[in-house]
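Engineer: Kindly produce the complete structure, drawing on both the sequences and the hints.
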Amino acid sequence: MKTFQAEIDVMPKKEILDPQGKAVTGSMKNLGLAEIQNIRIGKHISLQIEAESEQIASEKVEQACKSLLANLIMESYTFKIEQL
1 MKTFQAEIDV MPKKEILDPQ GKAVTGSMKN LGLAEIQNIR IGKHISLQIE AESEQIASEK
61 VEQACKSLLA NLIMESYTFK IEQL
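Just so you know, we're using full-length UniProt numbering here: the sequence shown kicks off at 1 and counts up by one.
It is possible that part of the hints are untrue.
Stated by the list, open to error - Simulated restraints, written as ranges between beta carbons of each label pair:
id: 1; residue 1: I36; residue 2: K13; range: 19 to 29 Å
id: 2; residue 1: Q37; residue 2: E15; range: 17 to 27 Å
id: 3; residue 1: V24; residue 2: M1; range: 40 to 50 Å
id: 4; residue 1: S76; residue 2: G26; range: 21 to 31 Å
id: 5; residue 1: L68; residue 2: L17; range: 17 to 27 Å
id: 6; residue 1: M1; residue 2: N30; range: 43 to 53 Å
id: 7; residue 1: A34; residue 2: E54; range: 42 to 52 Å
id: 8; residue 1: I41; residue 2: K66; range: 13 to 23 Å
Please keep in mind that the hints were generated in silico from the structure rather than gathered at the bench. Where a beta carbon is used, it is the ideal one built from N, C-alpha and C, also for glycine.
Structural biologist: Written as structure tokens, this is what we have:
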């Protein structure tokens, strides 16, 4: 078995409103940073997985994202895997 590190980014879909991102965007103006716009806030998940190959590790991470880590109705995700 090999150990892999997965770095997962989960973000609200473009067509979904992001109230947290909108609030932060508004705060940027108050800080004198009006040139920073269209902020979207998501989450970053880091995990380790034991698997026989990178392909199997990717399949397991994909399954975890689809079934638990991301709400596919409102969020999309991307991930990278590297062997430790």
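Engineer: If a hint holds in the structure, say so; if it doesn't, say that too.
Structural biologist: Tested hints:
Against the hinted window of 19 to 29 Å, the Cβ-Cβ separation of I36 and K13 comes to about 21 Å, which satisfies the hint. Separated by about 18 Å at the C-beta atoms, Q37 and E15 satisfy the suggested range of 17 to 27 Å. For V24 and M1, the hinted distance range of 40 to 50 Å is satisfied, since their beta carbons lie about 41 Å from each other. Checking the proposed 21 to 31 Å range against S76 and G26 shows it holds: the Cβ atoms sit about 24 Å from each other.
Between L68 and L17 the beta carbons are some 23 Å apart, a value that agrees with the proposed interval 17 to 27 Å. Distance hint for M1 and N30: a CB-CB separation of about 51 Å, consistent with the stated range 43 to 53 Å. The hint said 42 to 52 Å for the Cβ distance between A34 and E54, and at roughly 44 Å that hint holds. The hinted window of 13 to 23 Å between I41 and K66 holds, with their beta carbons roughly 22 Å apart.
Checked against the numbered hints given earlier, this structure breaks none of them.
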